[in-house]
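A.B. asks: Go by the hints and put chains B and C onto chain A.
Okay, here's what each chain looks like letter by letter:
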Amino acid sequence: MTDMTNPDTSRRVPASQQPMTVPAPGNPEAIGAAVSVNIDGLDVKVPLGTTILNAAKQAGIKIPTLCHHPDLCVAGVCRICSVEVEGQRTLQASCSFPVTTPIKVKTHTQKVRQARRHILDLMLSEHCGDCYTCGRNGNCELQTLAKEYGVDSFRFGHVEKPVHEIDRSSYSVVRDNNKCILCRRCVRTCLDLQEVGTIEVLGRSHQSHIGTFLDKPLGDVVCINCGQCINRCPTGALRANDQTDEVWAAIEDPKKHVVIQTAPSPRAAIGECFGMEPGTAMTFELNTALKMAGFDQVFDTNFSADLTILEEGTELLLRLKQALLLREPGAVFPQFTSCSPGWIKYLEHFYPEYIPNLSTAKSPQQMFGAVIKTYYAEKQGIDPKDIVTVALMPCSAKKFECNRPEMADSGHKDVDFGLTTRELAKMISEAGIDLPRLPKSDFDSPFGTPSGSGVIFGATGGVMEAALRTVIELVVGVKVEDLFEHADIKPVRGFEGVRYVELAIPQVGPVPDLLKPLFPSWDFLKGATLKVAIAHGTANAKKVMEDIKAGGQFSKCHFIEFMGCPGGCLGGGGQPIPTTPEIRQARAKAIYAEDSAYEIRKSHENPDVLKLYTEFLTEGPCGHKSHKLLHTDYTPRGKYIE
Amino acid sequence: MLMTAHERLAGEIRDLVQKLGRNRSSLVPILQEVQKQHHRIGTYAMQVIADELDIHPVEVQSVVSFYAFLDGKPQGKFVIRLCRTISCDMNGKKRVARQLENDLGITFGETTKDRHFTLEWTNCMGLCDQGPALLVNDRLYTKVTPEKVHEILEECRRTFGVHATERKEAHLA
Amino acid sequence: MSSIQTYTQATPEAGLKRALGMSRPDIIHEMNESGLKGRGGAGFPVGGKWNFAASAKSEKKYIICNADEGEPGTFKDRVVLQEHADLVFEGMTIAAKAVSAKEGIIFLRGEYTDLREHLEATLARRREQKLLGRDILGSGVDFDIRVFIGAGAYICGEETALIECLEGFRGEPRNRPPYPVNTGFNGHPSVVNNVETLASAACIMGKGADWWKTMGTAKSTGMKLFSISGDCAKPGVYEFDLGVTVADILKEVGGEGAKAVQVGGASGRCIPPSEFARSIAYEDIPTGGGSLIVFGQQRDMLDVLENFMDFFGDESCGQCTPCRVGNLKLLEGVKLLRAGKCSMSYLKELCALGETMQIASKCGLGQSSPNAFLSVVTHFRDEIMGRTFSQA
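Chains as they are written, first to last, in my numbering: chain A, 198 to 839; chain B, 8 to 180; chain C, 16 to 407.
In isolation and in its complexed conformation, chain A is listed as follows (with noise of 0.2 Å):
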C-alpha cells in the first residue's frame, strides 16, 4: 500500500504507531481472520486489525481526518476522526482504534458533530492567518473542514496579530508556526519517512511549537531542504519559497532573455493544479502556457539529463577501467549518483566521509544552465548577463542547489531559479491562461528534442535504466530491445524502498567514438558482473549507506542510484499537494508512457547531445571542458550544529 519500505520501527516518532495487528491476547487462531464491522448501518468485513478509518473507506463511507496522512505512521492527536463505538463511553480515533471484534460504529451523531465542530474552532482559535493571503487558499485541509462542519463564527475566539515570528532563513522551506495546527506531520515526515531529524516537537502544553534544535532558523541546522514536509503540511504552516515576482521582472524586462527549461515530474504533475486527474502529462501545453506568459524560450531538461547519463555514465567507466584494468588503488566504489540535491546535502551531513563516492557530475538542472550560460549564449551572440535560466522542477532543494556557490562555472548564476512546479502552475493562472484547454507546442532548438531517456529520471530507478541502457548498447554492443522488451528495464522500476539488480557482461562490443580518447578497449569489462542498486528517500538512503559501512551486499555495488524524494522526484517537495502513494503511482505511469511514445529513448542517442559534444565539448565525456563546466565538488558538513 505504501511506496516505500517502512522505518526500521526503533526510531518511530513516540505516541504514533502503526495500528495494532495482532488479535487481542489468548486467540492466536484469529491472525488473518476477518471481522465484521457496522459502520453506519453497513456492515463490512475486514481482515483483523484493520483501523475503524480504512473499514470506513471499504464501505465508502467518508470520514474525515487531519493528523492522518497515507504515507505515515499512525498519531491519533488532532481527534477530528472521532467516531461513537458502541458500548464505550469517549469517542475514539477511526484512525488509530484497530477492530478486532465485531463493533458498532456511528460516524456522524449529534456527539461527533459537536466534537468536531468544537475541535476546528478550537484549531482556528489558534490558527493566526488570513485565507486571502495564504499560499494555500484554496488547497488547505482546514479550511475545507471549516466549510465541510458549517464553520460560521469563531466560536473561542481567534488570533488577530501572528505570534511566532516566519522562518524565511532556509532558500527552500519556509515555516510560519502561526497556521501550525501541530498535527505533527512534519514531524512524522522528518523524523520517520525521511530520517533527517530536522523538527519535533518543542515544549509541553500549549508551549508546544514545532521548532528545529535549539529553536534555530532552519537555514542554520540540519537540513536537506527537501520539501517532504511541504508537501504533507495539511495547512499553510510550511511552504516553498516563493520566488515568481522576481521571475515574472525578469520576464517583463525588455533587456532580460529568460529562458525556462522543464522536468519532466512538473509535466506529469501540474494538470493536478488545474483539476486535472494525477496522471495526465502536460508537456507540450506547457510549452504553449509558458510562452504565452512571456518566457523567451522554453528547452526540455531531458536534454541535460542525457548528458548526465554520457558524463556519469563515463565516469563510472573510467573508475572501473582504474580498479579494472589499470589496478590502481583509490578508484573508489560504489559510485553514487548526484543529480538529487537533497540526497546530496544528506550525505555532506550525514556521511561526509563518503563524498569521494559521489559522482561529480552536476545534475541535469545545473549542467543546463552552465551549458545555457556558454555554449547558447555563444551560438546565439545573446550576453550571458542577459541570460536568466529558470527550472522548472518538482524540487524544492533546487533553490539551495542553484545557490550553491560552486555553481557558477560558466562565469555567472548558472541557474538563476529553480521554480516549483506549484509557483509555475500559480504564474500560469495569474496570467490567466487554461492549461489543459491549450494547443500542444514544440520544445525549443537547440535543445528540444524529446527524450524518453531523460523524461524516466523523474521516477526512482528512472536515472538507472536510462544509464544501464546507455551500458548495455555502448559496452555490451547489444540492443536494448533485445534483452528487455520494448527497452523497458523492468526490474529497476518500482516504489520498493530499496532495490538491487545484477547486469552481467558476457561480451563487450566496440568503444563508440565518443569515448575512444579514454577507452582503448572495453575488454576489461568481458565477464564482469555489474551490481547496481536503487534508494529512493534518505530512510532508504540511510539503509544502503549503514549497510556500506557495514561491508554488506551494498558496498560490493557499483553504481548506486539515490533520490532523496519517495517516489522519486516525482514526489519532490515542489510538486503539487497533497500526496500519497496512488498519485506517486499515477505520476510514474504518466512519465513511463511519455518515455515508451518518444523517438528517441537513449542518452546516447540524443541528436542535440551529440552535437553539443562535436561543437562544444570536443574533448568528449569527462574531457577539461565538460569537468570545468558540468562536473563540480562537494562541502563534508557533518552534523554538529553550532
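I should point out that these hints are in silico values taken from the structure, not numbers from a laboratory. Heads up, a few of these hints could be off.
If you want the ones that stay clear, here's a sample from chain C, every Cβ over 10 Å from chain A, calculated [to be verified]: (1) Glu-48; (2) Leu-134; (3) Tyr-297; (4) Lys-350; (5) Arg-353; (6) Lys-356.
Cut-off 20 Å, straight-line C-alpha distance, at most; resulting in silico cross-link-like pairs (PhoX-like, lysine-lysine) [to be verified]: (7) Lys-308/A <-> Lys-363/C; (8) Lys-301/A <-> Lys-254/A; (9) Lys-452/A <-> Lys-582/A; (10) Lys-150/B <-> Lys-249/C; (11) Lys-101/B <-> Lys-350/C; (12) Lys-32/C <-> Lys-145/C; (13) Lys-80/B <-> Lys-120/B; (14) Lys-80/B <-> Lys-413/A.
Ideal Cβ placement from N, Cα and C applies to all residues, glycine included.
C.D. replies: Only chains B and C this time, still in chain A's reference frame:
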C-alpha cells in the same frame, strides 16, 4: 594535555552510556545525571547524547523541553521549587512565594546572578497535608513559613560555603 | 508511625509465600474473587489486568509499579512507600508470579527522589532474604525490581505515558488499544499497577479474597486509602471502607461545615453540601485516587477552579487538540468569570466544550480536566456569575 570542557563532558556522557546501556530507554536517566552534575543540559551535551544513542539532537531537546525537571537553560546550584497547587495554596504559599522573591531578589522562573539559586513553581508534590511544600534539589521542606524561608536559604548557602560578605552582596543584587 | 491499620497488621510475606505455592490461574482467580480495582484512579479490575497479561505470549513481561502520584491532594502513596515498601514489593512479586514476568520497575516520581535511598535499601534487603532475585524462596521464580526516577510530569501517571517515559520519549499517552497488558514497555506485555493496589493485593493474597470482601460494598470491595487535606483539623492519610459517606469522612477529619469537598483530586468532582450524604464508591461518587480536599466557607470557588485549570493547562502533554487548546480556553473562561466579563452564552459554550473534551480527548487528563469546571459551574453558579470586580 589540553583537555577541553567539551572533551571532558563527552567522556562523561560516554561513560554514562556504557553504564546505563546504549538504547533509547537510557535517555531520561542520562539526562538526569547530566542535569545533576552540570546544572543544565547544554547544547553540546545534547548533541553528544544524540550521537551516542543514534537519534537526532532535536529529539533529545524535545524530551528535555517536555519534563519540568530537565532544563536546557543553566540552573543554579540550588533549584527551589514551591508548590502552587490548591492545598498548599490554601495554606499560605503566596506569602512564602513573596518572601522567596524578596530574599533572593529574583522572580519565579529566574536564576540569581551568582548562579546559586533558581526559583521555580512546581505542581502538587504529594505533601498536601503538610503544606506549603518546598523542594530544594532533592530535599523536601514542609510547613514552610516566610520566616523559615530565610533559614532554608541560609542552610543552602552554608552547604555551598559562600563567604559572609559575598552573601550580603547577593542579597542586595 | 503509619496510620494504615490494614498494612500494619498484615503478616509480612504471607501473601507471597501463599502465592508461590499456588498456580497462576488460582492466583488470578483469587484476585478476581476479591473484586480489587485499581487504586490509582482508573479503577480497572486487578484480576482482569493480570489475566490479560498472563495470557499474552511473550518472552519478556514487566510488572511496573506506578509511583507517579501527582493528582493534587493525593499523598497516600508517599506514606505507603515510606512505611510499607515491603508490602508493595511483595505485591509486585506476586503479580510477577501470576503473569510470568521476570523484571519489575518502580516508576518513582522525581518529587519523591528523597525516598530512593530507602527503597533501594529495602530492595537490597529483600534480595538478601531471597525475596527477590533468582529462585525466590526456593520456588523457582526469578524476579527483580529496579528503580526509575521520573522527570517531573503529572501526565506520566497515565500508564502509557509512563511507559513512554521509561522508553526515553516525551510522556505522551499512546493510542489505545493496544493496551500495555498486550503491548507495553518496549512492546512487551506490562502490568502497570498503583502503589496502593500492589500493597492491597499482597494483603489479599495473605488473608484471602473473602476477608477483603467483608469491607466495602458489593460493587466496591475492600478498603481505600484517602489523602485528606485543606480546611480540616486533622489532615493526613486515612483508611476507610469503600462506601463511606462524605459526611462521615468530614466528621472524622474535623471538616464539618465545609463549603465544598473535592473528591478525586483536581480531575474529580466538586461536591456541594447537599450531596454530603452520598457515598464514595465506584457506583456513587467515584473515588479517583482517593483524595479529598476540604474547602471551608471562606474559600472563593473561582480561586479554586482557577488553581485547578492552571494545573491542567500546565500539565497537559499537548498532543491532542481538545485537551491542549480546550484547557486553555477553560482557563481563559475562568479569568473572564473573575473579571465579571463572561456572558451566559459563552459560559454555556464553554460547558459544551467541556463535555466534548470529556469524550474526545485522547487520554484521562483531557477527559477529566473539565470535571472541576463543570461541577463548580453547576453547583456554585450564583457565586461565579456577575462578579463586579476582579480579585487579585
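A.B. asks: Hint by hint, note whether the structure agrees.
C.D. replies: Now the hints, each set against the structure:
1. Glu-48: 20 Å, holds
2. Leu-134: About 27 Å separates Leu-134/C from the closest Cβ of chain A, which puts it past 10 Å; holds.
3. Tyr-297: 14 Å, holds
4. Lys-350: Lys-350/C is indeed farther than 10 Å from all Cβ atoms of chain A, at 13 Å.
5. Arg-353: Per Cβ check, Arg-353/C is outside 10 Å of chain A; nearest 17 Å; holds.
6. Lys-356: At about 13 Å from chain A, Lys-356/C clears the 10 Å cut-off, so the statement holds.
7. Lys-308/A <-> Lys-363/C: 16 Å, holds
8. Lys-301/A <-> Lys-254/A: 16 Å, holds
9. Lys-452/A <-> Lys-582/A: 10 Å, holds
10. Lys-150/B <-> Lys-249/C: Holds - the C-alpha atoms of Lys-249/C and Lys-150/B are around 14 Å apart, at most 20 Å.
11. Lys-101/B <-> Lys-350/C: Given pair Lys-101/B, Lys-350/C holds - Cα atoms ~19 Å apart, limit 20 Å.
12. Lys-32/C <-> Lys-145/C: Satisfied, since the Cα-Cα distance of roughly 12 Å is no more than 20 Å.
13. Lys-80/B <-> Lys-120/B: This hinted pair holds, its Cα atoms lying about 14 Å apart.
14. Lys-80/B <-> Lys-413/A: 15 Å, holds
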